[in-house]
Every structure is written in C-alpha cells, then in structure tokens.
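Take the sequences, apply the hints, and build the full model.
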Amino acid sequence: MPRKSFTQLREEVFERPGAAERVAGLRRDLLAEVGLYELRRERRVSQVDLAEQLDVTQSAISKFEHGADPRVSTLRDYIKALGGRLEIRARFDDREVLLSVAEEPASYDESGKAGDTADGGDDDRDD
Numbered sequence: 019m020p021r022k023s024f025t026q027l028r029e030e031v032f033e034r035p036g037a038a039e040r041v042a043g044l045r046r047d048l049l050a051e052v053g054l055y056e057l058r059r060e061r062r063v064s065q066v067d068l069a070e071q072l073d074v075t076q077s078a079i080s081k082f083e084h085g086a087d088p089r090v091s092t093l094r095d096y097i098k099a100l101g102g103r104l105e106i107r108a109r110f111d112d113r114e115v116l117l118s119v120a121e122e123p124a125s126y127d128e129s130g131k132a133g134d135t136a137d138g139g140d141d142d143r144d145d
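The working numbering numbers the first residue of the sequence shown as 19 and each following residue consecutively.
Calculated from the structure, these hints are not laboratory results.
Just so you know, not all the hints are guaranteed correct.
[To be verified] Derived CB-CB ranges, DEER-like: (1) THR75 with VAL31: 44 to 54 Å; (2) VAL115 with ALA42: 24 to 34 Å; (3) ALA38 with GLU70: 25 to 35 Å.
[What the hints assert, rightly or not] Derived pair list, reagent style EDC-like, types lysine to aspartate or glutamate, alpha-carbon separation capped at 16 Å: (4) LYS22 with GLU56; (5) LYS98 with ASP112; (6) LYS98 with GLU70; (7) LYS81 with GLU121; (8) LYS98 with GLU114; (9) LYS98 with GLU60; (10) LYS98 with ASP47.
Where is the CB? At the ideal position from N, CA and C, for every residue including glycine.
The following block contains the structure:
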C-alpha cells in the first residue's frame, strides 16, 4: 500500500460529512485548555521575570508550572503577576456559578484547619 502525505490524509478526513465542524470543535476545546507554561509564554514573560515579581526562585516557577495540583492562592498570584485575574467557575447542567477567590490568604485555627474556603463560606459538611 503506497504511503499518503499529510495533505492527502487531511483532504480525505475533510471530505467526510460534518468533519470540518468536528475538527473546529476539537480545536476550540484544545485551545481552551491552555497550560500555565503556554499562558506565561503567550504573555511573553520569562520564568526569571515572573519569579522576581513573586519573590520566589525560577525553579519554584518551573515546579509550579509542571505540578499536578496547584493551590488556588498560588495560582491566583501567578495569574495576577501575568496581569490577569483568576476566576473559578462551577458548571452544572442547569447553571454556571462564579466562585469567589479571596484576595486574602485563608485563616487557620490552632489545629491548622483553614477557617474559610474559596467560596468564602465555612467548610462544615453534613457527610
């Protein structure tokens, strides 16, 4: 079987009904999920410059960008240093809710438990 070029494969894919719309949707979804590294590069800010703004080391910025589960407060400060504002939204089937991201660090009681959460409410649970 002869090899096909990328251009030939692309043409074959786009000949299928609805393919252009599916590809456009996938592209839109992919672009909506930008990582921290890509966001910083897009803003033309180096890790060194960002580290200076946040008073941390360049290696701390690198670890943060590649970490799996950043703290909301750290993410907020990172975005703010890039000139942005962090917004967190919860999406449900029937609505979308913008959660507040407190500017002040969470207060902690003597046990080390946070006294407030990202939405400004207490963390009492009935479970």
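Taking the hints in turn, this is what the structure says about them:
{"no.": "1", "hint": "THR75 with VAL31: 44 to 54 Å", "in the structure": "holds, 46 Å"}
{"no.": "2", "hint": "VAL115 with ALA42: 24 to 34 Å", "in the structure": "holds, 28 Å"}
{"no.": "3", "hint": "ALA38 with GLU70: 25 to 35 Å", "in the structure": "violated, 45 Å"}
{"no.": "4", "hint": "LYS22 with GLU56", "in the structure": "violated, 32 Å"}
{"no.": "5", "hint": "LYS98 with ASP112", "in the structure": "violated, 31 Å"}
{"no.": "6", "hint": "LYS98 with GLU70", "in the structure": "holds, 13 Å"}
{"no.": "7", "hint": "LYS81 with GLU121", "in the structure": "violated, 23 Å"}
{"no.": "8", "hint": "LYS98 with GLU114", "in the structure": "violated, 23 Å"}
{"no.": "9", "hint": "LYS98 with GLU60", "in the structure": "holds, 15 Å"}
{"no.": "10", "hint": "LYS98 with ASP47", "in the structure": "violated, 24 Å"}
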